[in-house]
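Make a model of the complete structure from these sequences and hints.
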Amino acid sequence: MTDTATTTLTKKDFVSDQEVRWCPGCGDYAILAAMQKYMADSGADPANTVFVSGIGCSSRFPYYMNTYGFHTIHGRAPAVATGVKVANPDLSVWIVTGDGDALSIGGNHLAHILRRNLNVNILLFNNEIYGLTKGQYSPTSPVGTKKKSTPLGSVDRPFNPIAFALGCNATFVARSVDTDAKHLTRIFAAADAHQGTSFIEILQNCVIFNKDFYNKVVDRSVRADMTVDLVPGEKIVYGADKDKGLRFTASGLDTCGVDDAEVWDPSTATVSQAFAISQLDTDPDTPKPLGIFRAVDAQIYDESVREQVEEAVSAKGEGKIEDLVYSGDCWTVG
Amino acid sequence: MTKIETPGADLPLQQLERVVIRFAGDSGDGMQITGNQFTQTSALFGNDLATLPDFPAEIRAPAGTRPGVSGFQLQFSSKDIHTPGDAPDILVAMNPAALVVNLGDLKAGGTVVVNTGAFKTNDLKKAKLDKNPLEDGTLDGYRVIPVDINARVLDALVDSPLKTKEKSRCKNFYTLGLMYWLYSRPLEPTITWLHEKFKKRPELVEANVIALKAGFNAGDIRELFQGQYEVPKTDELPAGTYRNMMGNDAIAMGLVAGAKMAGLTPVLGSYPITPASTILESLASYKHFGVVTMQMEDEIAAICAAIGASFSGSLGITSTSGPGMALKTEAMGLAISAEYPLVIINIQRAGPSTGMPTKVEQSDLLQAVFGRNGDAPVPVISCSRPSDAFQLTIDACRIAVQYMTPVILLSDNFIANGAEPWCLPDIESFKPFPVVFKTDPEGHQTFARNEKGARAWVKPGTPKMEFRIGGLEKDVEGNVSYDADNHQAMTNHRHNKVAAVAESIPTPELDGPDSGDLLILGWGSTVGILTQAVETAREDGVSVSRMHLTHIWPFPKGLDEIFSKFKAIMVPEMNMGQLTRILRGEMPQHNFIPFTKVTGQPFLTTEVVAKIKNVLEG
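Protein chains in written order, with the numbering used here: chain A, 1 to 334; chain B, 1001 to 1618.
Treat the hints with care, as some may be off.
Once the Cα atoms are required to be at most 16 Å apart in a straight line, the calculated EDC-like pairs of lysine to aspartate or glutamate come out as [what the hints assert, rightly or not]:
| no. | chain 1 | residue 1 | chain 2 | residue 2 |
| --- | --- | --- | --- | --- |
| 1 | B | Lys1107 | B | Asp1089 |
| 2 | B | Lys1287 | A | Asp254 |
| 3 | B | Lys1459 | A | Asp90 |
| 4 | B | Lys1464 | A | Asp17 |
| 5 | B | Lys1464 | A | Asp45 |
| 6 | B | Lys1565 | B | Glu1509 |
| 7 | B | Lys1287 | A | Glu318 |
| 8 | B | Lys1287 | A | Glu311 |
| 9 | A | Lys320 | B | Asp1426 |
| 10 | B | Lys1213 | B | Asp1140 |
| 11 | B | Lys1287 | A | Glu303 |
| 12 | B | Lys1197 | A | Asp329 |
| 13 | A | Lys235 | A | Asp219 |
| 14 | A | Lys242 | A | Asp225 |
| 15 | B | Lys1459 | A | Asp45 |
| 16 | B | Lys1565 | B | Asp1517 |
| 17 | B | Lys1464 | A | Asp13 |
| 18 | B | Lys1287 | A | Asp225 |
Not the full set, but computed from the structure, chain B residues with beta-carbon under 8 Å of chain A [to be verified]:
| no. | residue |
| --- | --- |
| 19 | Lys1287 |
| 20 | Cys1304 |
| 21 | Val1476 |
| 22 | Val1480 |
| 23 | Ile1582 |
| 24 | Gly1585 |
No lab work stands behind these hints, which were simulated from the structure alone.
These numbers were taken from a predicted model, which means no experiment stands behind them.
The C-beta atom is built at its ideal place from N, Cα and C for all residues, glycine as well.
This is the structure in structure tokens:
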């Protein structure tokens, strides 16, 4: 047979029959639509795809994808996904989580999944607020965030999710924005192609409890000057006219002209360089970095776990229960 | 009869039916190894036996102190025995702390072998002793065998290239050799073991073998003892192939076997915790049986990874102890709600909180049966002894996959680290229970149920069966539902499903008359002591019956009828009366009498016999 019958799936094949119940205007809608389209365009097999989530607004995501889905418990999606993937490494596994789910209650598991380099993709929707519990500050909220549980302003310093991931020695680290479907899709594709844990922070608007928190960075009027996109193989430049650049210096990072701007390669840049870039927006006047911070190869946990089993079986032969029980020092009575 | 080929072996050889020996020393003295070697050798020799290791939680508590004392008690016998014995016949004390901590347990007129080399002023100070117990009358009434083991070992190893410190470490094998001589045990099993253990360090093998032989010869040449003893091999064990077995090893094997019988890959998520860690360690060494193990970052991740594995179509397993169970409870609820098979193993230890990690207790029963948010029933099974742990672990796997439910398998420190001869089962005699995954999308509903009340298991990768599932309440289609009637119905389904497990488990057999004044009802690791206590009471002319539960939730069928024929049912357990509470809740019409003990030590046969008589005399 030369002509294999293949069914081309469309975006709607990835839309489940469930009514989407996020608030009108929530940034999650755009991310969901971008993902459903990406799945169709990339030729994903719904039967072989699993979305695993924890608890929170973002964690409802699996219900709306017409793939396999597991809505688990608060903060534990990375741990559940580890079992899912190790038990069946052929599955394409995506974790959907939020800033509270991943960085408060689930911080430990996020650190360890990144360290292990399980071959899955993590989407962290960061809206810098707790939405499902109705608007308390989160571990990514800036100091001074005044909400119901912090009437005088929060006093604890926030996590920078990108720096967190880099600190955990993550092999793929990226940031995108809910409103930019094109950028999101490009990052999804790069994450999907990466072998190992792909970590994507997605800046996401919570229209009820933290409306437009990111507008000083991503609003169309300022975006060109207030964000810088890290595109592999391209110079690190930004500005409406692409006239500003960044270059590495002995002491870190410096602004420069386009000609002197660094050509970005997330597969060869050091963690220190990626980390330096992740800290850019600690200065409110410098742009917030988006795009791919890091993309390197490393040993993959699920593969290694299965390889050890396969090697043991091939070295010792497949064990039988009889051999297991009737081993060691035995003696016979009667 | 064993012939001892030793010069001057002309001392009398006396036969004994049973001996209880306790090795006690500093936790760095290797007493657990010594005890285990004596056990293994006695098992191979053909004795029946039971052991009770008793060690501190600290790996190396300050040397020579009382908290640092590590003990290993073993009863070996030519008769069928059930317990490690109440009171040792002979105590081996490697230092002053070990002597004073253990002496009170020794039976009147018992023998103390004491390492006099460890009774210097500084040693006494570490044990908080003002006077030397060897000289102040403490040992009056006991037969004392003083041996300067420290010096004798160095003498024996004078030609060894080892450093003095390393030579001193061989003293446990000198001691073992001495006891081997006294009880006419062969040296070969231990010599073989040493060759295997120190494969890469032949000088250690040589030194320990020399120490072992020196101890053995010393017993003879120095005429320390008035004679040798022999405990002949038992002829009371049923015919079969035997192996000395500890509880955690039996559980690890049972998990491999259970998963094979279900046709599934066993996937263990675990986090090291005393006294459960050896299950993780054993399973990690069984990779050629297709076992997947993941040492996760914490207890929660461990159970979550196991649940994820079940979601993917493997048999998820997690092993822990009480504090770990506390951490896993939310995730158990997820597996109950999403209805996935999961085997959860709790090797109980003394609580609450961190409690006493190396001491025995049965105080996690109510936690196992009820300890979750919401109405969240799970079947609960308990091992009783190393020799039933294999079969009960397989049964836990069976219930998990047949009823699509988490199952909690309880064991405890006494079973985990105690050893006994295990008559190896005929593997062919087990009926496999292969899982059939559902692949036909026609008319499929995620929470449609079979005759057992179990939903169908669909694994990701199956075309046209994509579903979403989670911990939110859902309807029969699998869709999230907050509907009032639906929640009542789903709660009923989950409850009824677990209750239905009773249809698949046997009613326990009664030991003794099927009616009378008193039934002893036990569960877990008390089985040996209760068996012995009932036998002893009967020898004293008391009529008492005994039953032991392995399947605790749901209860097996037929208990009500059995209980109704006894005036009183005494429930001995190492907690404050947890099974009694459940029994009173389920069957309030019967007269349950709790008998509780929470000292971190097993019941003594004598105290159970006394309680039986006390209850019967009213």
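Each hint tested on the structure:
Between B:Lys1107 and B:Asp1089 the alpha-carbon distance is near 6 Å, which keeps this suggested pair within the 16 Å criterion. For the hint linking B:Lys1287 to A:Asp254, the alpha-carbon distance of about 52 Å lies beyond 16 Å, and the restraint is violated. A C-alpha spacing of about 12 Å is found between B:Lys1459 and A:Asp90, which places the hinted pair at or below 16 Å, so the restraint holds. Proximity of B:Lys1464 to A:Asp17 is assessed by CA-CA distance (about 14 Å); at most 16 Å being required, the pair is judged to hold.
Of the pairs offered as hints, the one joining B:Lys1464 and A:Asp45 holds, with about 10 Å between alpha carbons and a cut-off of 16 Å not exceeded. For the hint pairing B:Lys1565 with B:Glu1509, the CA-to-CA distance comes to about 14 Å; that is within 16 Å, so the pair holds. Of the pairs offered as hints, the one joining B:Lys1287 and A:Glu318 holds, with about 9 Å between alpha carbons and a cut-off of 16 Å not exceeded. The suggested pairing of B:Lys1287 with A:Glu311 holds, with an alpha-carbon distance near 9 Å, which does not exceed 16 Å.
A hinted pair counts as satisfied when its Cα atoms are at most 16 Å apart, and A:Lys320 with B:Asp1426 qualifies at roughly 13 Å. Under the criterion of a C-alpha separation no larger than 16 Å, the hint pairing B:Lys1213 with B:Asp1140 is inconsistent with the structure, at around 31 Å. Under the criterion of a C-alpha separation no larger than 16 Å, the hint pairing B:Lys1287 with A:Glu303 is consistent with the structure, at around 14 Å. For the suggested pair B:Lys1197 and A:Asp329, the alpha carbons sit about 15 Å apart, so the restraint of at most 16 Å is met.
The hinted pair formed by A:Lys235 and A:Asp219 fails the criterion: a straight-line CA distance of about 23 Å is larger than 16 Å. For the hint pairing A:Lys242 with A:Asp225, the CA-to-CA distance comes to about 9 Å; that is within 16 Å, so the pair holds. For the suggested pair B:Lys1459 and A:Asp45, the alpha carbons sit about 15 Å apart, so the restraint of at most 16 Å is met. Of the pairs offered as hints, the one joining B:Lys1565 and B:Asp1517 holds, with about 8 Å between alpha carbons and a cut-off of 16 Å not exceeded.
About 11 Å separates the Cα atoms of B:Lys1464 and A:Asp13, which keeps this hinted pair within 16 Å; it holds. Restraint check: the Cα-Cα separation between B:Lys1287 and A:Asp225 comes to about 55 Å, which exceeds 16 Å; the hinted pair is violated. Against a cut-off of 8 Å between C-beta atoms, the interface hint on B:Lys1287 holds, since the closest Cβ of chain A lies about 4 Å away. Interface restraint check for B:Cys1304: the shortest CB-CB distance to chain A comes to about 4 Å, inside 8 Å, so the restraint holds.
Of the supplied interface hints, the one on B:Val1476 is violated, with its beta-carbon coming no nearer than about 15 Å to a beta-carbon of chain A, more than 8 Å. Checking B:Val1480 against chain A: minimum C-beta separation of about 7 Å stays under 8 Å; hint holds. Using the Cβ-Cβ criterion of 8 Å, the hint placing B:Ile1582 at the interface with chain A is not satisfied: the shortest such distance is roughly 27 Å. Because the smallest distance between the Cβ of B:Gly1585 and any Cβ of chain A comes to about 29 Å, over 8 Å, the interface hint for this residue is violated.
Hint check: violations occur at hints 2, 10, 13, 18, 21, 23, 24; the rest are consistent with the structure.
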